[in-house]
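Novice: Given these sequences and hints, build the entire structure.
Chains A and B, in that order, give the protein sequences.
Residue numbering for the first sequence is 1 to 248, as defined by this note's numbering.
Residue numbering for the second sequence is 249 to 785, as defined by this note's numbering.
Everything labelled a hint here was simulated from the structure, so no lab data went into it.
Each hint should be verified, as a subset may be incorrect.
[Claimed, not checked] Computed cross-link-like contacts, DSS-like style, restricted to lysine-lysine with a CA-CA straight-line distance of at most 27 Å:
1. B/Lys-444 x B/Lys-427
2. A/Lys-43 x B/Lys-617
3. A/Lys-182 x B/Lys-582
4. B/Lys-656 x B/Lys-671
5. A/Lys-43 x B/Lys-515
6. A/Lys-43 x B/Lys-656
7. A/Lys-27 x B/Lys-503
8. A/Lys-27 x B/Lys-589
9. B/Lys-589 x A/Lys-43
10. B/Lys-589 x B/Lys-605
11. B/Lys-671 x A/Lys-182
12. B/Lys-589 x B/Lys-504
13. B/Lys-596 x B/Lys-713
14. B/Lys-427 x B/Lys-503
15. A/Lys-43 x B/Lys-688
16. B/Lys-504 x A/Lys-27
17. B/Lys-622 x A/Lys-133
18. B/Lys-671 x B/Lys-688
19. A/Lys-182 x A/Lys-138
[As the list claims (entries may be wrong)] Some chain A residues near chain B, calculated using beta-carbon distances under 8 Å:
20. Val-25
21. Ala-31
22. Phe-128
23. Tyr-132
Virtual Cβ for every residue (Gly too), placed ideally from N, Cα, C.
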Amino acid sequence: MMKKIFLVLTLLLNATVFADSDVAVPKDELATETVYPIFDQAKSVRNRNVQTTGRIDVGLFGGLALTEPIANTTKFGIAANYHFNEYHSLGLFYVSNSSGLSKDAEGLKNDFGLDFSRAPQPKSMIMFDYNYKPYYGKMSFTKNGVINTTIYGSTALGVIQYQHKTYPALAVGVGERFYFNKSFSLKTDLRLFVHQAPIPFKSNVLCDGSKVSCGSNGAAGDPIPTYDSFSERITYTTNLEIGVNYLF
Amino acid sequence: MKKNMLKISLILMSLNSVGFAKATKPVAKKTAPITVQKVANPNAGLKVYTKSANSNIRNQIANALTQMKSGQYVQAANNLLALSRRPELSAERTQLKYLLGVAMMELNMNQVASFQFVDVIKSADAKYTRQAIEKLLIVTDKLGDETLLNYAIQRIDVTSVPTQHRDMLFYRMGEIKQKAGLYSEAVQLYSKVGEKSRYHLNALYNMGLSQAEANQTDLALGTFQKLLNSRTAANVTDTNKVAAQMAIARTLYQKKDWEASVDAYSKIPRDHMLWHDSIFERSWAMLRAARFRSALSNFQSLHSSYYDNFYIPETLLLRSIVYLYICKYDEMDKVLTLFDKQYGPVEKSISNFLNTKSSAESYFQELNKTFQIKSNEDAELKTQISYRALRHVADEGDVRRSFSYIRKLLEERRLIDANPQIKSSSIGAYSLKLLVNRTKSAKSSTGDMVKAHLQNMLVELKDLKEQSSLIRYEMINGKKESLKKRLAGKDLGEVQVDDKKDRSFYVENGFEYYPFQGEYWLDEVGNYHYLGKQNCE
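Specialist: Next comes the structure, spelled out in structure tokens:
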């Protein structure tokens, strides 16, 4: 039967007809439906460009504490994640906070003589980071290339170290990775950190004496407090992180 | 193509039999009632004629009848079974068996009921044979047991069948004639199926199919169009509607009206299972209409990862032929290599299995794994035969019907297991034994069916392999001619997007345009467009 079909074709189609200039797709071949074909398993993507299952990715990133009023808002970190499958991964990240004060705190020092460097500052943090990656997609800006992307939710648990003490910390957030090829990606994370932290706003201890108007001791300034003397409370900080990752 | 038409017909039939199972009610007997308690009870008129003078036996029979009338079917069935086994009631056995069958029907145990009716028919008691055949027709239709159904049909007198079951009878008789290749008789029988019958749509489809088989393409088109028109208000993905559209496309192809066929195929909705067949068949029509680029666009979808489990070896050869016509020899080479890579192991696995396994049971078990994998692709089940081959066999109409029948037997068994009253009774033990034997034999016959399909596939694959070799020869010949032309200074010169083996394909779905990197998305399947050009001088 098959032999017959192919032989008939060979005889019938002796003339080749094909578009010989620019190929224009006939309108009747263009999509008219937005529904999906039915398969046994309705997987939205097959043969993914970026396959993370069983792979480790390592990345470097920089962060900005968007709601931090006193301490330096910039930080840098390193992260590593193991991807159990295309949906779940578990990793570890370490963040080192930049030393010094935020611009606002610097302003307060210059204008009012309030020296917030007397208050304890966060130095670093280390956390286990679980990611759930429900969304995988692709986009094209120029039509010359395709960028694959994943959007994920993150939950991290670990510790944050201040100059005098270490506190447990929890972070929840969302992130997105943009893959420039099958391994290299740009990563952004928005995380909300929750942890116990010293309150830097303490009266009669912050005046450095540079402004007479500050504090009761005038030019002598307030005595330097011990870090332990600052009271503590639950603190919420929103962080934006941007980095690069490589899948091994 | 013809094979596919038959497949749809079988899909429709199996759908129909499922639907029918819900609605059929037992038919009231015409004999005069002894005692009537409930007017609506279809069994109110039951009676047993006995010559026995034994008052105990007479009481037992009366008791069983009372239980039937009051809807106590389990007790009635137990009593009737016991009575039918008594040697002194051999004269009444036919009546008792018939009543037992009716009781089992009421309990929705159609397989057990069917055996009682067959016993009655075999006894050749004219008084009960006609009624038993009618009942057998109903229960076997519910079960989808073709063997017993044919057994009943061969013995029935159409005029004796109550009007409400005649449509079903005409339909089933039409099927038998159609299978025997008696198309005009089949068409006549299908045309007798009333418009209000639940068999009407299937009958129309099969009528069109019979007309197409008889090469009466215009008549077939008219019939399919009638079926399509009758489903105007139905959902876009209504199977009858889609099947009618598909049949129109196939008939137009049969008429060699390629463009009209392509147009008809394009109307098959993407979210229907028949769409997969439609894009492959449309590719044939496009090829015949010399629309090579369009045919290649379809192959980009058909050869995507979404079709990894589909058994479609012919598509690869067809694709290579299209490349031959546009002088894309490197592409041909890749496609033919892919054919060997994908279907070589399939052929080997089938051949190995056929050579090493002989029992029907092993074929059944192998196929049974397919249904588990189908519902859960990640199931860690190993099949000895390639999954794509098994999946194809599992989709064959006769195998589907056979599995549907086995499922109904299992449902009957579950019914017994779930009801302690039945399970602990003698009728329960009797039914279980009967069902176990019947299931075993059904599995065995399904296994044989699977084996036969695998043997056919092996022959087909060997034939296709031979075709592949021929096409490869044409490819080498084409390459040689092309080189000759180059040497003679007729080089095409122009660099094309698909010149290099490692180049990316380009796709367009009408809205966006991406370089194709081998990643397939569900929403893009069917929307790939081949933008290469022909290389022929």
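Novice: If a hint holds in the structure, say so; if it doesn't, say that too.
Specialist: Hints, one by one, checked against the model:
1. B/Lys-444 x B/Lys-427: At roughly 25 Å apart (the allowed maximum being 27 Å), B/Lys-427 and B/Lys-444 satisfy the hint.
2. A/Lys-43 x B/Lys-617: holds, 21 Å
3. A/Lys-182 x B/Lys-582: Given pair A/Lys-182, B/Lys-582 holds - Cα atoms ~24 Å apart, limit 27 Å.
4. B/Lys-656 x B/Lys-671: holds, 18 Å
5. A/Lys-43 x B/Lys-515: holds, 24 Å
6. A/Lys-43 x B/Lys-656: violated, 31 Å
7. A/Lys-27 x B/Lys-503: holds, 25 Å
8. A/Lys-27 x B/Lys-589: With a Cα-Cα distance of about 35 Å, the restraint between A/Lys-27 and B/Lys-589 is violated, given a limit of 27 Å.
9. B/Lys-589 x A/Lys-43: holds, 24 Å
10. B/Lys-589 x B/Lys-605: Holds - the C-alpha atoms of B/Lys-605 and B/Lys-589 are around 25 Å apart, at most 27 Å.
11. B/Lys-671 x A/Lys-182: Status violated; Cα separation ~61 Å.
12. B/Lys-589 x B/Lys-504: Measuring from Cα to Cα gives roughly 34 Å; hence the hint is violated.
13. B/Lys-596 x B/Lys-713: holds, 12 Å
14. B/Lys-427 x B/Lys-503: Between B/Lys-427 and B/Lys-503 the Cα gap is close to 23 Å, so the pair holds against 27 Å.
15. A/Lys-43 x B/Lys-688: Not satisfied, since the Cα-Cα distance of roughly 37 Å exceeds 27 Å.
16. B/Lys-504 x A/Lys-27: Holds - the C-alpha atoms of A/Lys-27 and B/Lys-504 are around 23 Å apart, at most 27 Å.
17. B/Lys-622 x A/Lys-133: Between B/Lys-622 and A/Lys-133 the Cα gap is close to 25 Å, so the pair holds against 27 Å.
18. B/Lys-671 x B/Lys-688: Answer holds: B/Lys-671 to B/Lys-688 is near 20 Å, not above 27 Å.
19. A/Lys-182 x A/Lys-138: Holds, because 12 Å separates the two Cα atoms, which is no more than 27 Å.
20. Val-25: holds, 5 Å
21. Ala-31: Cβ of A/Ala-31 sits 5 Å from chain B, so the hint holds.
22. Phe-128: violated, 27 Å
23. Tyr-132: Violated: closest Cβ of chain B sits about 19 Å from A/Tyr-132, beyond 8 Å.
Hint compliance for this structure: hints 6, 8, 11, 12, 15, 22, 23 are not met, and every other hint is.
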